[in-house]
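K.L.:
Chains as they are written, first to last, in our numbering: chain A, -7 to 384; chain B, -7 to 384; chain C, -7 to 384.
Just to be clear, a hint being listed does not mean it is correct.
Repeated chains share a single entry, so a pair holds when one copy, or any two copies, can fit it.
Said to hold, decoys possible - Capping the alpha-carbon separation at 25 Å, the derived lysine-lysine pairs in BS3-like fashion look like this:
no.: 1; residue 1: Lys248; residue 2: Lys118
no.: 2; residue 1: Lys367; residue 2: Lys248
no.: 3; residue 1: Lys248; residue 2: Lys56
no.: 4; residue 1: Lys248; residue 2: Lys184
no.: 5; residue 1: Lys(-3); residue 2: Lys367
no.: 6; residue 1: Lys304; residue 2: Lys90
no.: 7; residue 1: Lys367; residue 2: Lys118
no.: 8; residue 1: Lys90; residue 2: Lys358
no.: 9; residue 1: Lys184; residue 2: Lys90
no.: 10; residue 1: Lys248; residue 2: Lys1
no.: 11; residue 1: Lys358; residue 2: Lys95
no.: 12; residue 1: Lys90; residue 2: Lys118
no.: 13; residue 1: Lys90; residue 2: Lys1
no.: 14; residue 1: Lys304; residue 2: Lys118
no.: 15; residue 1: Lys304; residue 2: Lys184
no.: 16; residue 1: Lys358; residue 2: Lys118
These are calculated hints, taken from the structure and not from any lab test. A quick note: this is a predicted structure, and the numbers were derived from the prediction, not measured.
Listed here are the chains, written in short residue letters.
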Amino acid sequence: MKNRKLSLKILMSLLMVGFSTAVFAQGNINSEIASILQVQQYERAIHIMAMLILGFGFLMVFVKKYGRSALTATFLLVSVALPFYFLSNSLFTNGAEKGEIEKLILAEFAAASLLIAAGAVLGRVKMHQYIVLGILFTVFYMLNEWIVLRNGLGLLSGAVIDTGGSITIHAFGAIFGVAAALSLTRNGQLEKIVESDATSDRFSMLGSMVLWVFWPSFCAALVPVEAIPHTVINVFLALCGSTLITYVLSTWLRGKTSIADIANATLAGGVAIGSTCDTASYPIALVIGMIAGAISTNAYVLLQDRQRKFLKAVDTCGVSNLHGLPGLFGGLMAIPVVAGLNIPSQLLGIVITISVALLFGWISGKIVALVGERKNAYLDVEEFMEAEAEVD
Amino acid sequence: MKNRKLSLKILMSLLMVGFSTAVFAQGNINSEIASILQVQQYERAIHIMAMLILGFGFLMVFVKKYGRSALTATFLLVSVALPFYFLSNSLFTNGAEKGEIEKLILAEFAAASLLIAAGAVLGRVKMHQYIVLGILFTVFYMLNEWIVLRNGLGLLSGAVIDTGGSITIHAFGAIFGVAAALSLTRNGQLEKIVESDATSDRFSMLGSMVLWVFWPSFCAALVPVEAIPHTVINVFLALCGSTLITYVLSTWLRGKTSIADIANATLAGGVAIGSTCDTASYPIALVIGMIAGAISTNAYVLLQDRQRKFLKAVDTCGVSNLHGLPGLFGGLMAIPVVAGLNIPSQLLGIVITISVALLFGWISGKIVALVGERKNAYLDVEEFMEAEAEVD
Amino acid sequence: MKNRKLSLKILMSLLMVGFSTAVFAQGNINSEIASILQVQQYERAIHIMAMLILGFGFLMVFVKKYGRSALTATFLLVSVALPFYFLSNSLFTNGAEKGEIEKLILAEFAAASLLIAAGAVLGRVKMHQYIVLGILFTVFYMLNEWIVLRNGLGLLSGAVIDTGGSITIHAFGAIFGVAAALSLTRNGQLEKIVESDATSDRFSMLGSMVLWVFWPSFCAALVPVEAIPHTVINVFLALCGSTLITYVLSTWLRGKTSIADIANATLAGGVAIGSTCDTASYPIALVIGMIAGAISTNAYVLLQDRQRKFLKAVDTCGVSNLHGLPGLFGGLMAIPVVAGLNIPSQLLGIVITISVALLFGWISGKIVALVGERKNAYLDVEEFMEAEAEVD
């Protein structure tokens, strides 16, 4: 009897020790896995940073005598938006504990949207005006994000689906930028032609290619780890689709190929697949990319010049053609693609985004115009020492 | 008695609960780890995409007035091969469940081989001819891959060892490309000199450096996770070896250094280490790199011009010097390096690859010549609007 | 009785099987996690390699007719330092088992420090002299690392805190380089102006941006996985700080903005945050970046020309302004920031680093001057074939 009682006690002790060890090791492993997932998210954050700094930066170098300025403006816009959004986010989050890298990525999204907006007014403001634009933009971007994605005003009955930011990053940035351009562009600047040359075209393609290569990390940045493979392949398929269609349409519509179309409209697939990057099937992703490339190329060919006359405004990079229209198209594509989507909310979210962008883009343009005035658009020499050696 | 029976029952219940929880948690952790490994493979896939688009793209910008075309061709070739291979692979795989990212990487390998082939005919075809070449190439690349790596025709008694693609990616692409060049090159193009300038040389070095930096991810893309550290260090050691030797030989053989050698032959170490990147020791990797650099530089110095006279063909980028000869050398190095290698299979695999590439490269060249004809080689202005402003 | 004994035996067997399986699976998972962490470290190693080759390489292309040479020198310096340090490290490590990727990263740190040093003498030595400099530098870098970070001579009573290398990578490299420049610069070279143009300025910004984007991986390379999120955000905040301050001060002090300041001094935040990247708080990191940017910009504006007259030496890239002063500042910032720091050791470590760098930099300069002599500083044509076509 004593032996059996002893055996039982030994068994129970072993069991408890075993349990505790297992629970402790499990907790340890779960904690390590959580850290590993954070670091994987960090790697996607670095890819996005490459898109912001190198991608957007060099894409905007297509303006042939404005390269130093475009690159410096990129550095400044990111250096304003990133800390501003990140520290605001830390201040105003109501307890909900987000990972640090997730907050960094959300700040990068804000910076991306800002760079899109700045592309519309590129070359027609002074450097310090980009900084002021950056501060204003980030405030209104956060406002729109709060209303549309976190339902801050309670206007939406369901969630707006916008995983890769077709609506709240791309369309918002483009419309904000064009609205700012509307209230910023001075008459003398309407006639000035924005020119590129062989070297600025190649630098521009460098920026375009950096954006193309890392785009899947942008869309999959905050997607759950098991959904990442399908998401990233969707993005590449969409980009392949818009790339092929852009070449075909640019050449067919213009007679010759325009390298500006190749540098810009090829990316429309990435813009449009944003809302549905984790839900679409592979063939649908390819088709979304192709349609987006068609929309974008047609916009560049048909609208870019008409826009100047009609709106009396210049959209330097044609952001409405690459981020505006394809972004809205992408947001609408969620309606057929995503099962169980709340369609009224999706449409209202798009309408709110357009409204906030138009209104506060216009206002911001007026404020930016108050704090400075550029004499010579599209020329480095107005602000950069080293450009004085090459004045015509 | 009753107490002891109860204790036993409680013990057994606890044990079963504990077991189930442990099994469930284990399964959960194993599933998470599998997702994490997939995402790590995705990160290597992004590095490879940077090599394809930025690396190959800008390496080919060395042709001084053909930069826009070289970059656009790169976009188109990848946008054709990637979806074509990926969707074919999904259709024809007999049940064996590969991960999605593994399929993406295999598609990237096909695109890499295609870009190598295109480098041989670079500048002498029109843009739509690159697209046709891309479609044809991908078909024959898949054929060779099926015969040599999956033993589709049952010709091989053992496996062909080619982890990083020295044979089936590099040598295949180069030989296919030269064969296509043989059947494509028109007489008038033989005399035309391919020129670079200070700017196109620096863009070319940009492409070269992108390839150099990310090469370890290319070789280690599908290698098991515990083998990755040794593999990637092998690749860097091989690249350091070929870089040093290339500088020494280029300067010694030519009197001055050729930046074209520096941009191309320095990469030969990466090409050659492919077949043995996971098996070689560190000193062997360094030596393989040095020998490959010597082979490649000698080929650029001694063969590039003779090839033109002898073959009556132009290999614009000298792909036979960088990918052809070093690729074959790398495939042969598996024989001394890999223990237990099936030597007859390895040699037969190399012979098959050369044959398939020669035959179908030639045929493809003929088909590509049927669908178009370029008037002015190596000039953007024939196809790109923006180049009209700079015609001599 | 027999049944109960049997039940007990079955229970104990199940328990033992369960335990063994759990231990085995745990060990398996721990081993997988270790491999995963190694591969994550590998990804940071690739980011660092991009900084070394593309970042430093293109930053040094600002010298307008020396681009091919600057890029080739970068390839050669890395190809010398990397294998030399890596294989030395493997020979001389006394048993302490480091991971392979950790050794690769330590080799990359050595290469980074070498590239900084080379930036001081850039353009004034022949290509083979860079190789000799690389070999000598790596020896003395390893010596300083041994004395300061591993307390090889037992001079330090406590550890020197230098996680991201502000002292032992940046300051060491800069001071070594300036000391070598002191003993290398020949009189005729003092008057020669180092010029850039619009294209070399844009290439230089490309290098600067690559360094900016990947800098967090440099600082967080060997940091424990759970500390990585905080560390990388600190680095980005520091870079945003130095970027904004650099623009403001460059424009204010010079009247116009200098793109050379934007390309270089914006990075000072990354240099300075090195010693405290894992310990500082977010606001402190931002402030450290801003102060570093102020130090660096003031140095570029006020010291760069005076240095030439005073020292009778040319520091081509101004490495003392970007890596020297901000590096020392960063090493000193550990004193207020890091709790429990051994202040005498930190100061002594800095003094030792400065001394070793000055002494052996000078000596190395003398040796390098013995093995070659450049006729024409800052011109590709002296060593590169392709540059002959563009001689003025």
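K.L.:
All hints, please: hold or fail.
P.N.:
Hints, verified against the model:
Taking the closest pair of Cα atoms, lysine 248 and lysine 118 come within 25 Å of each other only across two copies (12 Å); inside a single copy the shortest separation is 35 Å, beyond that limit. Proximity of lysine 367 and lysine 248 under a CA criterion of 25 Å is satisfied inter-copy only: 15 Å between copies versus 35 Å inside one chain copy. In this assembly of identical chains, the alpha carbons of lysine 248 and lysine 56 lie at most 25 Å apart whether taken from the same copy (21 Å) or from different copies (20 Å). For a Cα distance limit of 25 Å, the shortest separation of lysine 248 from lysine 184 qualifies both inside one copy, at 24 Å, and across copies, at 24 Å.
For a Cα distance limit of 25 Å, the shortest separation of lysine -3 from lysine 367 qualifies neither inside one copy, at 95 Å, nor across copies, at 95 Å. In this assembly of identical chains, the alpha carbons of lysine 304 and lysine 90 never lie at most 25 Å apart, being 44 Å within a copy and 55 Å across copies at closest. For a Cα distance limit of 25 Å, the shortest separation of lysine 367 from lysine 118 inside one copy, 9 Å, qualifies, whereas the shortest one across copies, 43 Å, does not. Within a single copy, lysine 90 and lysine 358 get their C-alpha atoms no closer than 36 Å, and across copies no closer than 56 Å, so neither meets the 25 Å cut-off.
Taking the closest pair of Cα atoms, lysine 184 and lysine 90 never come within 25 Å of each other, the shortest separation being 47 Å inside a single copy and 55 Å across copies. Proximity of lysine 248 to lysine 1 under the C-alpha cut-off of 25 Å is found in neither arrangement, the shortest distances being 87 Å within a copy and 83 Å between copies. Taking identical chains as interchangeable, the C-alpha atoms of lysine 358 and lysine 95 are never at most 25 Å apart, the minima being 31 Å within one chain and 51 Å between chains. Neither within a single protomer nor between protomers do lysine 90 and lysine 118 lie at most 25 Å apart by alpha-carbon distance, with minima of 37 Å and 52 Å respectively.
Neither within a single protomer nor between protomers do lysine 90 and lysine 1 lie at most 25 Å apart by alpha-carbon distance, with minima of 45 Å and 44 Å respectively. For the identical chains of this complex, lysine 304 and lysine 118 are intra-copy neighbours only, at 20 Å inside a copy versus 39 Å across copies, given an alpha-carbon limit of 25 Å. Taking the shortest Cα distances, lysine 304 and lysine 184 sit within 25 Å of each other inside one copy (12 Å), while across copies they are farther apart (48 Å). Taking the closest pair of Cα atoms, lysine 358 and lysine 118 come within 25 Å of each other only inside a single copy of the chain (14 Å); across copies the shortest separation is 48 Å, beyond that limit.
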